[in-house]
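Following the hints, complete the assembly by docking chain B onto the known chain A.
Protein chains: 2
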Amino acid sequence: MPDFSRGAAYVDGQLVPIAEAKISLLDWGFLHSDATYDVAHVWKGKFFRLDDHVERFLSGMGKLHMSIPHSHDDLRSILVDCVRASGLREAYVEMVCTRGFPKPGSRDPRTCTNQFFAFAIPFVWIANPQKQTEGLHLIVSRWQRIPPESVDPTVKNYHWLDMVMGLFEAYDRGGETTVVVDTRGNLVEGPGFNIFAVKGRTFTTPVRGVLEGITRRTVIEMASEYGYEVVQRNLPAEEARTADEVFVTSTAGGIMPITKIDGRAIGSGTRGPVTQELQKGYWALHEDPHHTFKIDYE
Amino acid sequence: MPDFSRGAAYVDGQLVPIAEAKISLLDWGFLHSDATYDVAHVWKGKFFRLDDHVERFLSGMGKLHMSIPHSHDDLRSILVDCVRASGLREAYVEMVCTRGFPKPGSRDPRTCTNQFFAFAIPFVWIANPQKQTEGLHLIVSRWQRIPPESVDPTVKNYHWLDMVMGLFEAYDRGGETTVVVDTRGNLVEGPGFNIFAVKGRTFTTPVRGVLEGITRRTVIEMASEYGYEVVQRNLPAEEARTADEVFVTSTAGGIMPITKIDGRAIGSGTRGPVTQELQKGYWALHEDPHHTFKIDYE
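So the protein lines, in turn, are chains A and B.
Following this note's numbering, the numbering of the first sequence begins with -8 at its first residue and continues without gaps.
Following this note's numbering, the numbering of the second sequence begins with -8 at its first residue and continues without gaps.
None of these hints come from the bench; they were simulated from the model.
A couple of the hints might just be wrong.
Since the list gives no way to pick one copy over another, a pair counts as held whenever it fits inside one copy or between any two copies.
[What the hints assert, rightly or not] No farther apart than 25 Å at their CA atoms in a straight line, the calculated lysine-lysine pairs in the DSS-like style are these:
(1) 94 / 122
(2) 122 / 190
(3) 37 / 271
(4) 285 / 271
(5) 35 / 122
(6) 122 / 271
In isolation and in its complexed conformation, chain A is listed as follows (with noise of 0.2 Å):
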């Protein structure tokens, strides 16, 4: 029996556990990171925001002229069944399109069929419980995030050596995780996640080269619900240190503290009660029927 409980994947059309799954060294979506993706994530077996991570995928595939013969329906069942097969509870749920390969000889993107993968694996934390409750200490980066001049950042995409390098600058300076910046050193996003500053009852968040997060949405959702003001323009980094508190949102664990940014405490230097109330309202919505779907593991 193929043991799938570290994860399954769905890889040429067939479900095969998470050791298995291997694309061609060949495939443009390595070679060229000509690959579009998005992740859903499964909390106490019912996936969250599914709708709208799927529409997210097929909006960025459209805009990398790219197309698979699976409609929004197909993936989602695609992605149940990634689920189902690993049994897990608690779930990572990455989907991916890769440009796929050429015709021989040719180096034509047009002449390329388009690749579809995707995977279910344990879910995965940016910060670890106690770091949630703690805080992160986090580094403005010297490395800019590569401009939407370069790549369309609403494209969910690879394209990460800015944010890996801004983590090896973070780890030597003593932080945690880091922010890359803009040519005027605005803040525009870390290593999977979004930022947002909060001062009264303002958050600020910045707009220009950021993804568009599901987490960053849901959040906007809840602070319109809750009575605060979000304002989307440039966040300057001394905004975010001198800010009443800081907090990041992912996918990849939801919303979590900034206690510190460059060695120097934000606001009390602890998890301040907005990003607590956040916390907990976001985890709330992970029993609301209206953005979750219980998955059937029989």
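Just chain B, lined up with the frame of chain A:
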């Protein structure tokens, strides 16, 4: 008997037919395009400037904080083994180092074991033989090359979405290939190639934000020997459009003429004498023992 005739690869320490050469979907080389690579070529059974490629590859790995248990000489041997297994006399030979996987539950790249892959496949041309004589129609893209403040271009990398989107734009506008630009509209590079403009006895080639191509270096060395001056500086699109000749350089095909830019003829609109002289000289160097070494296929 496994069929190595379409190429051979080195994966997990084993030589395998190219059709079996695969990488895990979970390797960050794929999921974060966290990888560096290099490509050398074999012509008439001889490697061309292999040591220069291996040296650049090892330098890129260092800049990305990657390491593998293979010396320069080990890498040479592995690459020769790939070519020998394939039997190919004209081959495109790629070496790749990926970040690998983090420890379970971690997102810290320092916990990863870096992975090495290599493969030899039939030689790939950016321009087919007819186009090497006729010249290509180049479109100056509206897309900007990922800037050096985001990704160090001297680390040869797979962040190509800017160039892929540039290619689609070029096809839409009636062209055959593309060159992406910087924030001021200066030409930077194309998908896999550097660019040169010739005016009188001077070659101008972009210097900022470009990969320091080995074929580019070969042209610079040849220029000096043939009595041309080479200037490395910004190259505005208009200067290329009004040049006597324009050519591009790549391991995937050597020196290739650009005879039209954005629908307008360059110079006479046919391959110019300087480009021809360089093409002849470039292929002659493939007989020069200083730049090549013969593979023992027995």
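Tested hints:
Within a single copy, residue 94 and residue 122 get their C-alpha atoms only as close as 49 Å, which misses the 25 Å cut-off; across copies the closest is 18 Å, which meets it. Taking the closest pair of Cα atoms, residue 122 and residue 190 come within 25 Å of each other only inside a single copy of the chain (22 Å); across copies the shortest separation is 61 Å, beyond that limit. Taking CA atoms no more than 25 Å apart as the test, residue 37 paired with residue 271 passes inside one copy only; the shortest distance there is 17 Å, against 65 Å between copies. For a Cα distance limit of 25 Å, the shortest separation of residue 285 from residue 271 inside one copy, 20 Å, qualifies, whereas the shortest one across copies, 67 Å, does not.
When the C-alpha separation of residue 35 and residue 122 is checked against a cutoff of 25 Å, the pair qualifies only within one copy, where the shortest distance is 21 Å, while the shortest distance between copies is 59 Å. For a Cα distance limit of 25 Å, the shortest separation of residue 122 from residue 271 inside one copy, 15 Å, qualifies, whereas the shortest one across copies, 63 Å, does not.
Of the numbered hints stated above, none is contradicted by the structure.
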